[in-house]
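Position chain B relative to chain A; hints supplied.
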Amino acid sequence: MANHLFLPIVSLMVGASLTVLFARQRWLARGIVVGSVLFHLIYSLRLLWVVAAHGRQVSQAGGWLAPFGITFVADGATAIMLAVASLLTLMTVLYSFASLDEGYERYFYYPLILLLLLGVSGAFMTGDLFNLYVWFEVLLLASFGLITLGGTRAQLEGGLKYVVLNLMGSIAFLIGCGLVYGVVGTLNMAHIAERMQTIQQPGIMTAIACIFLFAFGSKAAILPLFFWLPTSYHTPPVAVTAIFSGLLTKVGAYSLYRVFGTVMQNELIHLAPWILTIAWLTMLVGVFGAMAQMNVRRILSFHIVSQIGYSVMGLGLASSLGLAAGLLFTAHVMIVKTALFFIGGAAEQIYGTGDIKKMGGLARREPALAMFWFLGIISLAGLPPMSGFFGKLALLQAGVTQGAWLVTGVATLTGILTLFSMLKIWNEVFWKKSYADVSKLPRVSPGLLLPGALLVIVSLALGLGASVLVDYTTVAGMQLFDQAGYIQSVCGLDGCEAVFQAAIR
Amino acid sequence: MYESVILRTVARVMMPLLLLLSVFMLLRGHNLPGGGFIGGLLASAAIIMQIIAFGPTFARKVIRVGYLNMAAFGVFFGAIWGLPALFFNLPYMDAFWINDPIPGIGKIGTPVLFDLGVFFTVVGVTTRVALLLAEEPELFPMYVQAETEE
Numbered sequence: 001m002a003n004h005l006f007l008p009i010v011s012l013m014v015g016a017s018l019t020v021l022f023a024r025q026r027w028l029a030r031g032i033v034v035g036s037v038l039f040h041l042i043y044s045l046r047l048l049w050v051v052a053a054h055g056r057q058v059s060q061a062g063g064w065l066a067p068f069g070i071t072f073v074a075d076g077a078t079a080i081m082l083a084v085a086s087l088l089t090l091m092t093v094l095y096s097f098a099s100l101d102e103g104y105e106r107y108f109y110y111p112l113i114l115l116l117l118l119g120v121s122g123a124f125m126t127g128d129l130f131n132l133y134v135w136f137e138v139l140l141l142a143s144f145g146l147i148t149l150g151g152t153r154a155q156l157e158g159g160l161k162y163v164v165l166n167l168m169g170s171i172a173f174l175i176g177c178g179l180v181y182g183v184v185g186t187l188n189m190a191h192i193a194e195r196m197q198t199i200q201q202p203g204i205m206t207a208i209a210c211i212f213l214f215a216f217g218s219k220a221a222i223l224p225l226f227f228w229l230p231t232s233y234h235t236p237p238v239a240v241t242a243i244f245s246g247l248l249t250k251v252g253a254y255s256l257y258r259v260f261g262t263v264m265q266n267e268l269i270h271l272a273p274w275i276l277t278i279a280w281l282t283m284l285v286g287v288f289g290a291m292a293q294m295n296v297r298r299i300l301s302f303h304i305v306s307q308i309g310y311s312v313m314g315l316g317l318a319s320s321l322g323l324a325a326g327l328l329f330t331a332h333v334m335i336v337k338t339a340l341f342f343i344g345g346a347a348e349q350i351y352g353t354g355d356i357k358k359m360g361g362l363a364r365r366e367p368a369l370a371m372f373w374f375l376g377i378i379s380l381a382g383l384p385p386m387s388g389f390f391g392k393l394a395l396l397q398a399g400v401t402q403g404a405w406l407v408t409g410v411a412t413l414t415g416i417l418t419l420f421s422m423l424k425i426w427n428e429v430f431w432k433k434s435y436a437d438v439s440k441l442p443r444v445s446p447g448l449l450l451p452g453a454l455l456v457i458v459s460l461a462l463g464l465g466a467s468v469l470v471d472y473t474t475v476a477g478m479q480l481f482d483q484a485g486y487i488q489s490v491c492g493l494d495g496c497e498a499v500f501q502a503a504i505r
Numbered sequence: 001m002y003e004s005v006i007l008r009t010v011a012r013v014m015m016p017l018l019l020l021l022s023v024f025m026l027l028r029g030h031n032l033p034g035g036g037f038i039g040g041l042l043a044s045a046a047i048i049m050q051i052i053a054f055g056p057t058f059a060r061k062v063i064r065v066g067y068l069n070m071a072a073f074g075v076f077f078g079a080i081w082g083l084p085a086l087f088f089n090l091p092y093m094d095a096f097w098i099n100d101p102i103p104g105i106g107k108i109g110t111p112v113l114f115d116l117g118v119f120f121t122v123v124g125v126t127t128r129v130a131l132l133l134a135e136e137p138e139l140f141p142m143y144v145q146a147e148t149e150e
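Protein sequences appear in the order of chains A and B. FYI, the numbering used here numbers position 499 of the first sequence as 499, with every residue one higher than the one before it. FYI, the numbering used here numbers position 65 of the second sequence as 65, with every residue one higher than the one before it.
Just chain A, with the same shape it has in the complex:
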């Protein structure tokens, strides 16, 4: 029993409510936000160590046993995701201090950020399908607030698309939950996994799995369902876009990993060829979409879609190796993507526009910003020594080992196209001569530069110390794919059915 698993959730809940209460006392509110996110970060770093040392951690809310109560489970994948998510949130909060005006702070920006992290952490840790839905709702409500906070016309328009399409995904998720409960009679993930092995009609489970693929796929922005993302992500303030790109789609990817990788493994093996097809199509369409764009944040938004293709590829390989590589890649891309949004957003703030045609000459004016941007893009494109290289290398290795040639080839090609598309921003914004006099532009403040720079440095550090990370994700991938071990840690050695029968009697 690891009862401490609820601490990060409670700290965020308490932090969010206190920041609402003290929204007018600006510095106090800021202190509370930083305090509670910092607590979350320290906790999740410790959890990384605890999981490595003692294996999977499980806690049952209120002491109700597993198939009946709410279970919280933390394995390697959870710990990595939690750590990255809280790191990104901390950086976003610091970036917001420098970039947002007071109106946002007064209208509950910080509580919404904390609630977003709350929903994300809950979704990472929960061991119950319906509870996962609830956490998704928590993070979606917070994101609805964040995307429209400010209330400009463009934001409301983007927000509307975002809300409608995400609600479609939520409805599909809810329908899936209902069907699972109807077919196997339980919503605890471990219990579902156990009962699915003895199910009478396997066909209906495939149908349910497809509904879940639709539900999580629309959150993760995979191929036919991604169009809400580029139309809405460039409208809110940069800090909000950055945290969305770091957390939201990745929660969808993580849920795909959890539900397909751990719970519905049989269905994963059925659907693997389709998932791989979706993966390479998503990569290609995302990167081609990015090429056609001329706005910094729109380009980056399309790259989110493209990178999700890689995460889905890890899932589609349907092996612990593939899941491990996918986890490694997802953790890396969360960090780098957010860093690029921070730096691109800082450039946007200097020029007052995100149109790359109108920008230029920043490399001379802001060499530090340009350097970190460059390191960021080579990490995203996957060049050594950055973390992106090892993320992609692991995926390609897994792909080659399993003979998935098409998706591996497309992944390589997409890497090159990504570099091309990123160099477009580099050329236009940083390298080319500016039409206007650059020396009249405002300087970038340290508050805008540091969060992105720190994340790029983290990416570099992860690249240099890749062996530790690769070892960790390999173990995490095995834990994620180890269905029997999952059931035993959640419900005890006899499995959930034994607990269930004993309670019924």
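If you're looking for bench data, these hints aren't it; they were derived computationally from the structure. Any given hint might turn out to be false.
[Said to hold, decoys possible] Taking beta-carbon pairs under 8 Å as the criterion, some of the chain A residues facing chain B (in silico):
| # | residue |
| --- | --- |
| 1 | Val10 |
| 2 | Val14 |
| 3 | Ser17 |
[What the hints assert, rightly or not] Simulated restraints on C-beta separations:
| # | chain 1 | residue 1 | chain 2 | residue 2 | range |
| --- | --- | --- | --- | --- | --- |
| 4 | B | Ile6 | A | Ala154 | 34 to 42 Å |
| 5 | B | Met14 | A | Ile504 | 26 to 34 Å |
| 6 | B | Val62 | A | Ile504 | 46 to 54 Å |
| 7 | A | Leu38 | B | Phe24 | 36 to 44 Å |
| 8 | B | Ile108 | A | Ala484 | 40 to 48 Å |
| 9 | A | Leu38 | B | Asp100 | 37 to 45 Å |
| 10 | B | Val62 | A | Asp494 | 33 to 41 Å |
| 11 | A | Ile171 | B | Leu41 | 19 to 27 Å |
| 12 | A | Leu38 | B | Ser4 | 54 to 62 Å |
| 13 | A | Ile504 | B | Pro103 | 18 to 26 Å |
| 14 | B | Gly66 | A | Leu141 | 52 to 60 Å |
| 15 | A | Gly178 | B | Trp97 | 29 to 37 Å |
| 16 | A | Leu38 | B | Lys61 | 50 to 58 Å |
| 17 | B | Gly66 | A | Pro446 | 46 to 54 Å |
In this text, a Cβ means the ideal position worked out from N, Cα and C, and glycines have one as well.
Below, chain B without anything else, positioned relative to chain A:
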């Protein structure tokens, strides 16, 4: 706001009754139908009835509470009462009860306090939403501000 004598008379009489009933529901709730959520809805119904009968300005004057703060306090109060269990190495939200029931109130334990947090949250949120809808032009203060700046 309706100019109706019947509604206003009823609203005046019902308000204390509904508030009392909500407290009763809150306290009986742990093992019987009721609880923080139901109690909170009843209490907010009492306030919303004032809004409908006398208008939002009057309702704000009668009960001077910041409803948003009340909701935030409720979340805070609800969240912390699961924590004592952690000190005894029990899972979050494990309950503690006093041994003897208090006459007139019944048994008191951490779940009742948690329910009190739920009560505040529900009253705060529902009343706040009702007030916002009743005072609609003030729905988007930031929007109004931004337009005047431009």
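Right, here's what the structure says about each hint:
1. Val10: Since the shortest Cβ distance to chain B is 5 Å, the answer is holds.
2. Val14: Constraint on A:Val14 satisfied, holds at 5 Å.
3. Ser17: holds (4 Å)
4. B:Ile6 to A:Ala154: 34 to 42 Å: Check failed, 48 Å falls outside 34 to 42 Å.
5. B:Met14 to A:Ile504: 26 to 34 Å: violated (46 Å)
6. B:Val62 to A:Ile504: 46 to 54 Å: With Cβ atoms ~52 Å apart, the hint holds.
7. A:Leu38 to B:Phe24: 36 to 44 Å: holds (43 Å)
8. B:Ile108 to A:Ala484: 40 to 48 Å: For B:Ile108 and A:Ala484 the Cβ distance comes to about 44 Å; the hint holds.
9. A:Leu38 to B:Asp100: 37 to 45 Å: At 43 Å between Cβs, range holds.
10. B:Val62 to A:Asp494: 33 to 41 Å: With Cβ atoms ~59 Å apart, the hint is violated.
11. A:Ile171 to B:Leu41: 19 to 27 Å: Given about 25 Å between the Cβ atoms, the range holds.
12. A:Leu38 to B:Ser4: 54 to 62 Å: Check passed, 55 Å falls within 54 to 62 Å.
13. A:Ile504 to B:Pro103: 18 to 26 Å: This hint is violated: roughly 38 Å between Cβ atoms.
14. B:Gly66 to A:Leu141: 52 to 60 Å: violated (21 Å)
15. A:Gly178 to B:Trp97: 29 to 37 Å: holds (35 Å)
16. A:Leu38 to B:Lys61: 50 to 58 Å: Violated, since A:Leu38 and B:Lys61 (Cβ atoms, about 42 Å apart) do not stay within the stated range.
17. B:Gly66 to A:Pro446: 46 to 54 Å: violated (36 Å)
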